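Undergrad: Single-letter residue listing:
Protein chains: 2
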Amino acid sequence: LVPRGAQILENETGTAPGVLIQKKKTLFAFLPGPPTECRPIVLRDLIPIARERVGGKRLYRREFWRSFGRGESEIYQRVAPLVKNLEKRFPLSVSFGVHISFPCIDLTWEVWDTGEARPGDEEIDRVVKQITEALGPLCFTRRRESLAETVFQLLQKNQRKLATAESCTGGLIGKLLTDIPGSSEVFLGGAVSYANEAKEILLGVPHETLETHGAVSEETVRAMAQGIRERLRADFGLAVSGIAGPAGGTKEKPVGLVYVGISGEQGTKIVHQVILNGQGNRDQIRVIAAHLALDALRREILVSHGSEIPVH
Amino acid sequence: LVPRGAQILENETGTAPGVLIQKKKTLFAFLPGPPTECRPIVLRDLIPIARERVGGKRLYRREFWRSFGRGESEIYQRVAPLVKNLEKRFPLSVSFGVHISFPCIDLTWEVWDTGEARPGDEEIDRVVKQITEALGPLCFTRRRESLAETVFQLLQKNQRKLATAESCTGGLIGKLLTDIPGSSEVFLGGAVSYANEAKEILLGVPHETLETHGAVSEETVRAMAQGIRERLRADFGLAVSGIAGPAGGTKEKPVGLVYVGISGEQGTKIVHQVILNGQGNRDQIRVIAAHLALDALRREILVSHGSEIPVH
Numbered sequence: 003l004v005p006r007g008a009q010i011l012e013n014e015t016g017t018a019p020g021v022l023i024q025k026k027k028t029l030f031a032f033l034p035g036p037p038t039e040c041r042p043i044v045l046r047d048l049i050p051i052a053r054e055r056v057g058g059k060r061l062y063r064r065e066f067w068r069s070f071g072r073g074e075s076e077i078y079q080r081v082a083p084l085v086k087n088l089e090k091r092f093p094l095s096v097s098f099g100v101h102i103s104f105p106c107i108d109l110t111w112e113v114w115d116t117g118e119a120r121p122g123d124e125e126i127d128r129v130v131k132q133i134t135e136a137l138g139p140l141c142f143t144r145r146r147e148s149l150a151e152t153v154f155q156l157l158q159k160n161q162r163k164l165a166t167a168e169s170c171t172g173g174l175i176g177k178l179l180t181d182i183p184g185s186s187e188v189f190l191g192g193a194v195s196y197a198n199e200a201k202e203i204l205l206g207v208p209h210e211t212l213e214t215h216g217a218v219s220e221e222t223v224r225a226m227a228q229g230i231r232e233r234l235r236a237d238f239g240l241a242v243s244g245i246a247g248p249a250g251g252t253k254e255k256p257v258g259l260v261y262v263g264i265s266g267e268q269g270t271k272i273v274h275q276v277i278l279n280g281q282g283n284r285d286q287i288r289v290i291a292a293h294l295a296l297d298a299l300r301r302e303i304l305v306s307h308g309s310e311i312p313v314h
Numbered sequence: 003l004v005p006r007g008a009q010i011l012e013n014e015t016g017t018a019p020g021v022l023i024q025k026k027k028t029l030f031a032f033l034p035g036p037p038t039e040c041r042p043i044v045l046r047d048l049i050p051i052a053r054e055r056v057g058g059k060r061l062y063r064r065e066f067w068r069s070f071g072r073g074e075s076e077i078y079q080r081v082a083p084l085v086k087n088l089e090k091r092f093p094l095s096v097s098f099g100v101h102i103s104f105p106c107i108d109l110t111w112e113v114w115d116t117g118e119a120r121p122g123d124e125e126i127d128r129v130v131k132q133i134t135e136a137l138g139p140l141c142f143t144r145r146r147e148s149l150a151e152t153v154f155q156l157l158q159k160n161q162r163k164l165a166t167a168e169s170c171t172g173g174l175i176g177k178l179l180t181d182i183p184g185s186s187e188v189f190l191g192g193a194v195s196y197a198n199e200a201k202e203i204l205l206g207v208p209h210e211t212l213e214t215h216g217a218v219s220e221e222t223v224r225a226m227a228q229g230i231r232e233r234l235r236a237d238f239g240l241a242v243s244g245i246a247g248p249a250g251g252t253k254e255k256p257v258g259l260v261y262v263g264i265s266g267e268q269g270t271k272i273v274h275q276v277i278l279n280g281q282g283n284r285d286q287i288r289v290i291a292a293h294l295a296l297d298a299l300r301r302e303i304l305v306s307h308g309s310e311i312p313v314h
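Respectively, the protein sequence lines represent chains B and R.
Here this note's numbering runs 2 ahead of the position in the first sequence, where the first position is 1.
Here this note's numbering runs 2 ahead of the position in the second sequence, where the first position is 1.
None of these hints come from the bench; they were simulated from the model.
Please note that a few of the clues may not be correct.
You can't tell identical chains apart in this list, so a pair holds if it fits in one copy or across any two.
Unchecked claim - Only pairs whose alpha carbons sit at most 35 Å apart, straight line, appear in this in silico DSBU-like list of lysine-lysine:
| id | residue 1 | residue 2 |
| --- | --- | --- |
| 1 | K253 | K163 |
| 2 | K163 | K271 |
| 3 | K253 | K27 |
| 4 | K27 | K90 |
| 5 | K27 | K159 |
| 6 | K90 | K131 |
| 7 | K255 | K26 |
| 8 | K271 | K27 |
| 9 | K86 | K255 |
| 10 | K59 | K25 |
| 11 | K255 | K159 |
| 12 | K271 | K255 |
Treat the numbers as computed from the prediction; the structure is a model and nothing was measured.
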């Protein structure tokens, strides 16, 4: 059963069809909810219809930056001086947008052909370069890819193998890396060393280190990163330990405190940070901690290969 | 700036407030998008307003079942005979719904006080019992909790410790378990043994087993489950290996083939299955594989503790 006068949009990947209904000047589309059913109909039927209706207005260029490590407002402030001038001069043909793609921040710049004035390619190229420089190492990709994908490609390009040792993230880094088809080319695996026993048995963290400094400490994370690197004979060992909360925080070690260790040929580096000033919830802290680790590894690979601006 | 005539809904967790606008008989609410900002406003302001407007119609009882292992249509078919009769007799006061909460299927039964006839408590209780029996072990909880939470509670209740060995799921099982605050009480950790070397080094899977039977085989998964259980001195070792695709499938071992191994005091059990007939995408296969493992463990704990209907 479909509404009277509706046009059916065939669903090739499921049973419920989509329908199109025209009411006065407005076209309403009702689509199945599951992304695997919705997406093919949008691509096959709706995009062409939308394109036809939009008529004269056409996308001329779209530029994209994805960043990690700073909030929405700081990303906007960094590019605002460059952006404001263009928006003022070309109010109809230029649009900038800053969007949260948690835990990353996206910046999109669209230039439209509307019949009105728009910036030329030379000016666009110049501003793209300025924006890229303003974002610096915060921007990890110019494509719509995840940080894990960027790290995967860097490891692949440099023929490096990674092993992980995860405590508070509990397997999330491994999950993010193995979401990528072909990740076995660079990712050997690792340990989810949630309990202290697991840190000792699977990674060889000395019992005294855990006793003296605790599970969330520079010393333990250093031993975790070195331990997994050596055991799996990897090029990089990436380790994380932190306090994801809601319980377990103290004055000295608050909820949100995370240590990241990267062990490589040249030794072991430690990054530590309190995530969201300890105000984040458990899920947020864990997701940011996993990305903090991946981003630290990304920067390490880029620095050790002499690249200044870590964007590809 | 807010629209003229709008009522402001204060946002205690962010900066942008919500607004309420009345147009004729309709009340429009505009809320901030982030769930952490939207949810408190809905709970504090909108639910009471909606309740007042709904007036006479009040929810009398809501019953809920969450299942894993069979599709939407099979779940509906199992309860249809019980449900149809009630829907026919009480068309205005009774409503059933089957919803996908991927990879689980939810069944909800609501009984409303509308002024019309509705079933009494005795009849509701009887049908609840019949539905619960019809779903049998497919239903793992009567609450809105994840399968990982159910498993966590079972382990906690029976004072059992778990260790995991993940290949194709790459850390996802650990991630799902450690999403739960306090999971360290039952979850020791484990190995993400993505590469064969990791299976040998971290789990002690014999090189010959991998050579002879391959990484995705009963023999390897058996060794993985036993290996992690022994190394971390856990009560249960839970292991998964499979072919998540899109590449790597063969005629004998197609994409979607997954082996789950559970090692316990009484030995090691193997469950194997081809997920979604090998038609699922990588993400779906991995999520289902992780749940297949958790569900196998749930059933194992229940059987070993003599419970017939595994619902709490």
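Undergrad: Which numbered conditions among the earlier hints are violated in the structure presented, ordered from lowest to highest?
TA: 3, 5, 7, 8 and 9
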